[in-house]
Amino acid sequence: MVQLMYMLDIKYIRENTDKVKKSAADKGYQVDIDKLLAADDARKKVMGQIEKLRAERNDIAKQMKTADAMKKFGSELVDRGKAIKENLAHLELQLRENDLDGRLAKVPNITLPDVPLGGEDDSVEIKAWGTHKTQAMDHLDFATKRDWVDFERGVKVAGAKFYFLKGDLALLENAIYQYALQKIVGKGFNFMTVPHMVSGRIMTGTGFAPRSSKQSDEYAIDGEDLSLIATAEIPLTGYHADEIIDESDLPLMYAGYSPCYRKEAGTYGKFTRGLFRVHQFNKLEMYIYCLPEESTKMHEQILATEEEIWQELNIPYHVVNIAAGDLGAPAAKKYDIEYWSPVDNKYRELTSCSNCTDYQARNLNIRVRRKSGNTEILHTLNGTVVSLARTLVAVLENYQAGEKLIVPEVLQPYMNGKKEI
RNA sequence: GGAAGCGUGGCCGAGUGGUUGAAGGCGCACGACUCGAAAUCGUGUAAGGCGCAAGCCUUCGGAGGUUCGAAUCCUCUCGCUUCCGCCA
Numbered sequence: 001m002v003q004l005m006y007m008l009d010i011k012y013i014r015e016n017t018d019k020v021k022k023s024a025a026d027k028g029y030q031v032d033i034d035k036l037l038a039a040d041d042a043r044k045k046v047m048g049q050i051e052k053l054r055a056e057r058n059d060i061a062k063q064m065k066t067a068d069a070m071k072k073f074g075s076e077l078v079d080r081g082k083a084i085k086e087n088l089a090h091l092e093l094q095l096r097e098n099d100l101d102g103r104l105a106k107v108p109n110i111t112l113p114d115v116p117l118g119g120e121d122d123s124v125e126i127k128a129w130g131t132h133k134t135q136a137m138d139h140l141d142f143a144t145k146r147d148w149v150d151f152e153r154g155v156k157v158a159g160a161k162f163y164f165l166k167g168d169l170a171l172l173e174n175a176i177y178q179y180a181l182q183k184i185v186g187k188g189f190n191f192m193t194v195p196h197m198v199s200g201r202i203m204t205g206t207g208f209a210p211r212s213s214k215q216s217d218e219y220a221i222d223g224e225d226l227s228l229i230a231t232a233e234i235p236l237t238g239y240h241a242d243e244i245i246d247e248s249d250l251p252l253m254y255a256g257y258s259p260c261y262r263k264e265a266g267t268y269g270k271f272t273r274g275l276f277r278v279h280q281f282n283k284l285e286m287y288i289y290c291l292p293e294e295s296t297k298m299h300e301q302i303l304a305t306e307e308e309i310w311q312e313l314n315i316p317y318h319v320v321n322i323a324a325g326d327l328g329a330p331a332a333k334k335y336d337i338e339y340w341s342p343v344d345n346k347y348r349e350l351t352s353c354s355n356c357t358d359y360q361a362r363n364l365n366i367r368v369r370r371k372s373g374n375t376e377i378l379h380t381l382n383g384t385v386v387s388l389a390r391t392l393v394a395v396l397e398n399y400q401a402g403e404k405l406i407v408p409e410v411l412q413p414y415m416n417g418k419k420e421i
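Residue numbers for the first sequence follow our numbering, so the first one is 1 and each next one is one higher.
Hints listed in this document are in silico derivations from the structure and should not be mistaken for laboratory results.
All the given hints hold, so there is nothing to weed out.
Lysine-lysine pairs mimicking DSS-like chemistry, simulated, CA-CA at most 27 Å apart: (1) Lys11 to Lys371; (2) Lys166 to Lys419; (3) Lys133 to Lys145; (4) Lys133 to Lys419.
Distance ranges between label pairs, derived from CB positions: (5) Ala42 to Gly119: 31 to 39 Å; (6) Asp141 to Asp9: 46 to 54 Å; (7) Gln63 to His196: 53 to 61 Å.
Ideal placement from N, C-alpha and C gives every residue a C-beta, glycine not left out.
Construct the complete structure from the given sequences, taking the supplied hints into account.
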């Protein structure tokens, strides 16, 4: 049932070699496409020989079915069959050693035409909203003073970058969650809870590395084929793995809430203080399965929904079209929303939404059945509704009033009507 | 964790060594009937690879093995169900 599925279609790579090479180079990936194509050539050649032998084997089996033939040619056919078996074993070993799949897995998704070239600094601002505040107390100092957060005991219990949220700040996190959940359900997203661990196949299929110890940002469970999820995007992608979905059922819009576990190795520094970059945080994520021709439109819709939230929370932000060099392997295009930090006097990442086109879907074998009856790989997209820890940072920086913190108006219903805490 | 049973196409479900890539049903598509629809009838309908095509090959949870030949027999493995144990 499970076919060989590739990150990118070998046929597509063959027909669009230059485009694939360029996208990989733009993204900064080291992949030798020529070698990959050579491996595919070799594979095809061996496959041809194998198929010829198999055809002969099947033919012999067919002849053997009648008792007559068995009497007449029995031993002759059996001998030929035995010889074929040996040859096949030899050729099939060659095929296994070719490792085309392994090579294909390293090819990243191609980028869409309107993705800027270059690295992190080359991302393009496409919109800015709101009025910047010019001054505020550091969120960690402010929250620590109010006894709202305890990193020291987080360290004692689990290690650096683990924390406890306490009292009104913990309640405020819940209020943000409730507000965002109502918002997204109102938009027609189907809310679901998700497994917080996934198998290696789902992890890699979504585009995350499960346990390649060094680069991996994910926590793997020792002795099990399980990793802690880094985002609800991962189980939400796996949800429809190996399924064929009727065209009339698309788009499928899901929302998942989960803790997100990330090693964040080597990211200590000035701008990662406090709650901004931690090993565990809660996040509400939206996820869409759609027709290939609709993914661009869906991407804009996801972005619009994200913007609506920051406008209602009245937090100044801008939208950035992320440059190729800063895109992960699965994304064809990505928008980040960054809020204006009056503490750091710069924009800092708050949410992110990606169009992964057919990359994740191909890898996990998720297809659409067209009205014509044909099947086709569909497209997937993901976007942050709210990432709670970072949203708290943004609110803490933007809503200070002396010793107190104003509760954003849209959150007050979820804070028992309190206007400040 | 222990025991037993099961894993077949978009879905349900036959099939226990040789025209079975797979009966039957549902669903879906097209056609007929109808003013139109429902119902009914007819035809078609797994996915993937190679090939201009004819056609060939692969796949019956996964990986090995036995055999001239495997959905069917053996081993391992994963999943599901039921019973027992444990427990929120």
